[in-house]
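Engineer: Relying on the hints, combine the two individually framed chains into one complex.
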Amino acid sequence: MMLGDDFFRLAHDDGTGRPRLHAKALNVGCGAALLAELISTRHIEVDDTGVLIKNRQPPEDSLMHFVLDHLVKEEGRRHSVSTWLTFFSKDAATQIAERLLRGGHVRMTPVRKLGRQTGLLYIPVDSNQAARPWAVLSQLLRRHEPLAYNELALAGLAVATGLERWLLMDAPAETFDFLHNQVATLWPPMTCLLRYTHEVIGEAVLAHRHK
Amino acid sequence: MPLARTPATASNVANTLARSKLGTPAVVVFVMAAAAPLTVTAGGATSGFAITGSKGIPVAYLAVAVILALFAVGYVAMSRHVVNAGSFYSYVSRGLGKPTGVAAAFVAVLAYNAMQIGLYGGFGAVLSGWLHDRFGISIAWWLCALIGWAIVAVLGVLRIDLNGHVLAVMLAAEVAVAGLFAIVMITHPAEGSVSFSTLSPSYLIAPGIGAALVTAVTGFVGFEATTVFSEETRDPRRTVARATYIAVAITGLLYGGSAWALTVASGPDKIVADAQQYSTELIFTLVQPHLGQFFVDLGHMLFVTSLFAALLSFHHTVGRYLFSLGREKVLPSFLGQTSRVTGAPKWGSVTQSVLALAALIGYAIAHADPIIHLFFWVTVSGGLGVLILMTLTSAAVIGFFGRDRLGENTWRRITAPALATVALGWILYLTIDQFDVLLGVTPDSPLRWLFPASFGIAALAGLAWAGLLKAWSPVVYEAIGMGVNAASANPFAPAAPLAEARQS
Numbered sequence: 000m001m002l003g004d005d006f007f008r009l010a011h012d013d014g015t016g017r018p019r020l021h022a023k024a025l026n027v028g029c030g031a032a033l034l035a036e037l038i039s040t041r042h043i044e045v046d047d048t049g050v051l052i053k054n055r056q057p058p059e060d061s062l063m064h065f066v067l068d069h070l071v072k073e074e075g076r077r078h079s080v081s082t083w084l085t086f087f088s089k090d091a092a093t094q095i096a097e098r099l100l101r102g103g104h105v106r107m108t109p110v111r112k113l114g115r116q117t118g119l120l121y122i123p124v125d126s127n128q129a130a131r132p133w134a135v136l137s138q139l140l141r142r143h144e145p146l147a148y149n150e151l152a153l154a155g156l157a158v159a160t161g162l163e164r165w166l167l168m169d170a171p172a173e174t175f176d177f178l179h180n181q182v183a184t185l186w187p188p189m190t191c192l193l194r195y196t197h198e199v200i201g202e203a204v205l206a207h208r209h210k
Numbered sequence: 000m001p002l003a004r005t006p007a008t009a010s011n012v013a014n015t016l017a018r019s020k021l022g023t024p025a026v027v028v029f030v031m032a033a034a035a036p037l038t039v040t041a042g043g044a045t046s047g048f049a050i051t052g053s054k055g056i057p058v059a060y061l062a063v064a065v066i067l068a069l070f071a072v073g074y075v076a077m078s079r080h081v082v083n084a085g086s087f088y089s090y091v092s093r094g095l096g097k098p099t100g101v102a103a104a105f106v107a108v109l110a111y112n113a114m115q116i117g118l119y120g121g122f123g124a125v126l127s128g129w130l131h132d133r134f135g136i137s138i139a140w141w142l143c144a145l146i147g148w149a150i151v152a153v154l155g156v157l158r159i160d161l162n163g164h165v166l167a168v169m170l171a172a173e174v175a176v177a178g179l180f181a182i183v184m185i186t187h188p189a190e191g192s193v194s195f196s197t198l199s200p201s202y203l204i205a206p207g208i209g210a211a212l213v214t215a216v217t218g219f220v221g222f223e224a225t226t227v228f229s230e231e232t233r234d235p236r237r238t239v240a241r242a243t244y245i246a247v248a249i250t251g252l253l254y255g256g257s258a259w260a261l262t263v264a265s266g267p268d269k270i271v272a273d274a275q276q277y278s279t280e281l282i283f284t285l286v287q288p289h290l291g292q293f294f295v296d297l298g299h300m301l302f303v304t305s306l307f308a309a310l311l312s313f314h315h316t317v318g319r320y321l322f323s324l325g326r327e328k329v330l331p332s333f334l335g336q337t338s339r340v341t342g343a344p345k346w347g348s349v350t351q352s353v354l355a356l357a358a359l360i361g362y363a364i365a366h367a368d369p370i371i372h373l374f375f376w377v378t379v380s381g382g383l384g385v386l387i388l389m390t391l392t393s394a395a396v397i398g399f400f401g402r403d404r405l406g407e408n409t410w411r412r413i414t415a416p417a418l419a420t421v422a423l424g425w426i427l428y429l430t431i432d433q434f435d436v437l438l439g440v441t442p443d444s445p446l447r448w449l450f451p452a453s454f455g456i457a458a459l460a461g462l463a464w465a466g467l468l469k470a471w472s473p474v475v476y477e478a479i480g481m482g483v484n485a486a487s488a489n490p491f492a493p494a495a496p497l498a499e500a501r502q503s
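Protein sequences appear in the order of chains A and B.
Counting with numbering that gives the first Met the number 0, you get residues 0 to 210 for the letters of the first sequence.
Counting with numbering that gives the first Met the number 0, you get residues 0 to 503 for the letters of the second sequence.
So here's chain B without its partners, still in its complex pose (with noise of 0.2 Å):
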C-alpha cells in the first residue's frame, strides 16, 4: 500500500548506499592490476617461447581472448543469479551438480595455490638477477622468494591489500611501459621489416600450439573475479558485464600486441633461441639500445612490483575460497574463522602461506630452476587448472539456465556458453594431449601426467568427498556452493532447513 503513495521520493537508503558502490573504471582497474600485465607480457610470454618452442604464442593470446570473452557472456549472466559469485565451485554445483561442485571446489585451492606459489619463482628470480646486475649484490632467487613470502604472510593475515590509488597508478605504469617497450621493438624490427607471420591464424592448426594456448589462459587468470564486486557496483546488471568485456578485450590486445613485438624485433626464427637465451630479460635485452638505462631499470621495477601485486592478489583469493569453504563446512570449519580484530580469513590465510612455504623450501632444496620448474611449470599448471574450471563453469551454465531461463536470451543461456565450452573443451583436450611440450621435457617423461594427474585426483577427491557428507552430513550438503549464505555456516540458522528444502 505504501509503494503506491511514494513514489517519486528519493530513498534516503538507496543514495547513501548508491554513494560507496562502484562503476566500470573502478573495477577494470582492480580486476587487470591483479592480472599484472608486466609479469605476463616479460615473463609469461618469454618463457612461452622459451619452453613451449612455440612461434604461436601471440596469435594464442588473441585468440584466447576472443574465447574466453564469449565465455564471459554466459559467466557474467549466470553470477546475476548465484549467491557466492566469486568462486565457481557455486556456478558448477548450481549448473552440473553438488558432487561435480565439490571436485571444482578442490580442483580451484589447487589451481589458485599453484599460480600464487608459481609466482615466488618469476618474483624471486627476477629480484635477484636485478639487484645482481644493476647493485652487485649477490643473492640466491629463494631467499628474496622468502622475503616476498614473509610480506605476503603478514599483509595477509592483517588483511592488507594495496591501496586502490596505488593499484591504479602500478596498472597505467605498467600498460604505459608495456606499450612503449612494444612500440619500440615494432618500430626497430630485426630483419628490417615487421612481420606479421606469428599472428597468422595457421598457427592455431599447427602442432604444439596446444601449449601455448594455455600459457595464454594462465595470463589471463584473475579476469573471473570482476563477479566479486557484482554486490558492489552501481548498476549490478550493466557495470559486470561491462568491466569483464573491456578487462579482457584490453589484455588480450596488450598481451597479444607484446608478444608479437618480441617476434618483430628478435627476428620470427630467432625468437624462441633468443628466449630462451635471455629468458626473462629478453623483453628488457631487446629494448635497452633503443632506450637506454632508465626505462629499462623502470620496466624492471614495475616488473617486480606486477609480480608482487599478483602475489598478494592470488594470495587472498585461496584465503577467500578457503574461508567460503570453511564456513559452509565443507573443508573443516576452522578455516572459517576470522581475525577478531582484522577481520581477515586467518586460518585460510595461514594455510596457504605454510604451502607456500613448504614449496619454496622444496625447491631451495632441490636447486631447480626458479623460471622453468617454479614460475612456468607451476604457473602453467596453475592455468590448466583454471582451464578446467573455466570449461566445467562453461558447461555449468547450460544446465543452471536448462531448468529455468530466469528471463535471459537464448544467446547467453546457450549459444554463447555452448561455444565457449567446445572451445574451453579443445583447448583443454591439446593442452592434456601435449603437456610434454608445455614442460619441455620429453613424450615419455611422468611429469607429463603427473601436473594434470593431480587435478584428476583432487576432482576424484572432491567427488569421494561429496559422497561422505552426503552421508553423513545432509545439512552441509544440502548447502554446498552458498558459501557465507549457506545455513551451516550460519549460527542462527533455522533449525530444520533440510525438511524445508527437501519439501519445496
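Next up, chain A with everything else stripped away, as it sits in the complex (with noise of 0.2 Å):
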C-alpha cells in the first residue's frame, strides 16, 4: 500500500477522476504523502529544523527514489519544511498521477474547454480499487475502530488537507473527536509534517495569487 496513491485516490472522485479537493490543498497534499512515503520506511524524519535523511539506501519504487535524491541533493542547504513541501506540491499530484498510470490504475483523459485541451484527467480504471481508501478509512472511523499505521497516516493527510469533512461527512461530532484524537497519536516525524502541511494550505488561502 503505497501511500501517496491511496491519498490521490481519496482525494479524487472514483469515479470521473475528478478532484475533491481545492487545487493548493490537492498539490501540496501530495507533496506532502510523498514525503510521509519516505517517513514510513524510515528514510526520512521530519522536525522543525527540517527534513533529516536517516538512510540514504535507495528506495525500490522510483518515484520515492527520485524524491529522496532531490533530498539528498540538498540537504545541505538545510531547507525548511515548508519550502520542501512547496517545492514537491509543483509536481507530486502529476508524479503520483504517472505512478497510477504505470502501474495500469488510471487511464488518461484529456480534458476540454471550448475545443481547446486544458489540463488532463486520470481516471481509475477499476472503480472498486479506486474507492477502496476511502470506504475503509471512512468505515473504520465511523466504527471507532482502531487504525494501523498506514491508514492513520492518510487519516492525518485528510485532516490536514480539508479532505476531513468529507471524509466523515454527516458523522456525529464524536467521530470527529475520535478522528482527531487517533492523529494525535501519530509518530511525532509524522505529526510534524503534517503540521506543516496544514500550516501552508492555510498560507495560501491568505496569499493574493490562487495559483
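Derived from the structure by calculation, the hints contain no laboratory data.
Mixed in with the good hints, there may be bad ones.
Said to hold, decoys possible - Straight-line distance between alpha carbons at most 16 Å, and here's what the computed EDC-like set of lysine to aspartate or glutamate pairs gives:
1. A/Lys-23 to A/Asp-90
2. A/Lys-53 to A/Glu-74
3. B/Lys-20 to B/Glu-230
4. B/Lys-20 to B/Asp-234
5. A/Lys-89 to B/Glu-231
6. A/Lys-23 to B/Glu-231
Bear in mind that the values here come from a model prediction, so they are computed numbers and not experimental data.
Structural biologist: Quick look at the structure:
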C-alpha cells in the first residue's frame, strides 16, 4: 500500500477522476504524501529544523527514489519543511498520477474547454479499487475502530488538507473527535509533517494569487 | 558538513520556487489596482470637495502621501520579522501587547467592512446614473448595487479574483484616462490662467483640514497590502519596500494632481459649489466640452469597473481577516473553515456578504442618498478606522524594535515610526475633532460622535474579549496575531505549547 497512491485516490472521485479538493490543498497534500512515504520506510524524519535523512539506501519505487534524491542533493542547504512542501507540491499530483498510470490503475483523458485541451484527467480503471481507501477509512473511523499506521497516516493527510469533513460527512461530532484524537497519536515526524502541511495550505488561502 | 562541500551548485529547489515569484512591478500593479485610482479621482475627491467644503483636498493628498511613505518605513521593516504580515492586528499584538491586538482586529474588521459596503453606494449610484443618462434606462441605485453585490458574493465564495493581466490593463487604462483628464483640465483653466492656490501648504493649518486629510487617507487604503506579498516576492527585503514606496508615490501624485486639476478647471473659488452641484459627474462635466463623448463614456465605464475591482478586493480582504481570526480562534472557528473544492474562506466571505446585504437593504428602505450617506460617509468612516490602525501600527513598530533591534537601523526602528505616529496621531485628532465638517452635519449632530464612537466600542469589545480569552482559553490567547501559524489554528500542534512558551 503506497500512501501517495491512496491519498491521490482519496482526493479524487472514484468514478470520474475529478478532484475532491481545491488545487492548492491537493498539490500540497500530494507533496506531503510523497514525504510521508519516505517517513514510513524510515528513510527520512521531519522536525522543526527541516527534513533529516536517516537512510540513504535508494528505495525500490522509482518515484520515492526520485524524491529522496532531491532531498539528499540539497541536504546541506537546510531548506525548511514548508519550502520542501512548496517545492514538491509543484509536480507531486502529476507524479503520483503517472505512477498509477504505470501500474495500470488509471487511464488518461484530456479535459477540453471550447475545443482546446486545458488539462488531463486520470480516470480509475477499477472504481472499486479507487474507492477502497475511502471505504476502509470511513468505515473504520465511523465504527471507532483502531487504525494501523498507514491508515492513520492517510487519515492525518485528510485532516491536514481539509478532506475529513467530506470523509466523515454527516458523522456525529464524536467521530470527528475520535479522528482528531487518533491522528494526534501518530509518530512525531509524521505529526510534524502534517502540521506544516496544514500551515502551508492555510497560508495559501491568505495569499493574493491563487496559483 | 555538506554546506562546505556544495557551495557553488545551483539549487534546484530555489530555482523552481523562484520561477513563480513576483517582481516589483507586479506587486505595484496588484496593490494599485485594488486601490482603484479612478474611484478616488472621480468619486472620492469630488465628494470630498462637496461635503467637507475644504479647498485643501489637493494638498491634503500630497501631504498624506508623504506621511504614509514615512509610515511605510517602519511598517515594511517590521513586516520582515512577523508572521501573518498582511494584517495590521498582528503588528499591534506583537508591538503593543495582545489585548491591544484583539482591539485592533475588531477595529480592522469594522473598518474594512465599512470601506467595502460604502463602495456599493458609489457603484450603484454611478452605474444607475450612467445607464440613465446614456441609455435612458432607469434602474434604482440600490438595484444596481444589489446586482454588483450578487456578483461579488458569488465570486467571493468561488474565490475568483480578477486576473492579473486584466487588472494591469484596467489599471493602465485608468491611470491614462485620469492623467488625460487632468491634462485637459489644466490646459483649460476657468480663469484663463493656471492657479496653484489649492496646493498651498497653508491649507494644512487651516480649519476644516482634518476632514480633507482623512478623505485623502481613505483614498490610499489598500496600499498596505504590499506586505501580503512578502513571501511571494523574489527578494522580500527589497521588493516589498520598493513596491510600497512606488505605489504611494504614484497614487499620491495622481490623486493630488488630479484633485488640483479639478480646481484649476472649475476655478478655486467655485470648486466647492460645482462639486456640490455635479457630485461624481464633475470631472466628466469639466472635460466633456474639450474631449468629446467617447472619452467621457470610456471614463464612466472605467469608473464603474474600478469601483467593482475595489469592491471585490475589499471583500477578499475582509474574508481573509475573518479567516485568519477564525483560524486562530479569536473569532468563532467556523470562520476559519475553507471550502473544500474552491479553497475560499467560505464563511468569512459569506459573513461579509450578509453584512453588506443588510446595509444595502437598510439604505434602500431609508431612502438615503447613495453618494453622500453611503459612499462618502461610510467609506471615510472606514478610512478613519484604517487611520486608527495605522497610528497603532506605527507605535507598535517602535515597541517591537524596542525589545530587539533585529539588525534594523535607527531610522527604521525609531525615527521614522515616531514621526509617522505623531503625524498620523495629529490627523486622527483633527479628524475626530472635525467629524461634523467631514459629514457635512451641524456641530451638535449626534452623528458626528456616532461614527467615531463605533470604533471606540469595537476597540473596547476587543479589549474585553482579550481578557476573557486569557482567562478561558490561554492557548488561544498565547497565539493571538499568529494567523494561520497559530498553534491554536493547527490540529497537529504539539500538545503543550503553552508550558514551553511560558518557560522560554
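Engineer: Against each hint, give a clear statement of whether it holds in the structure.
Structural biologist: The hints, checked one at a time:
Only pairs whose Cα atoms come within 16 Å are accepted, and A/Lys-23 paired with A/Asp-90 is accepted, the gap being roughly 12 Å. A C-alpha spacing of about 12 Å is found between A/Lys-53 and A/Glu-74, which places the hinted pair at or below 16 Å, so the restraint holds. Between B/Lys-20 and B/Glu-230 the CA atoms are separated by roughly 9 Å; this keeps the pair inside 16 Å, and the hint holds. With a C-alpha separation of about 9 Å, the suggested pairing of B/Lys-20 with B/Asp-234 holds against the 16 Å cut-off.
Of the supplied pair hints, the one linking A/Lys-89 and B/Glu-231 holds, its CA atoms being roughly 15 Å apart against a limit of 16 Å. Distance restraint check for A/Lys-23 and B/Glu-231: the Cα-Cα separation of roughly 15 Å lies within the 16 Å cut-off, and the hinted pair is therefore satisfied.
Consistency note: the structure conflicts with none of the earlier hints.
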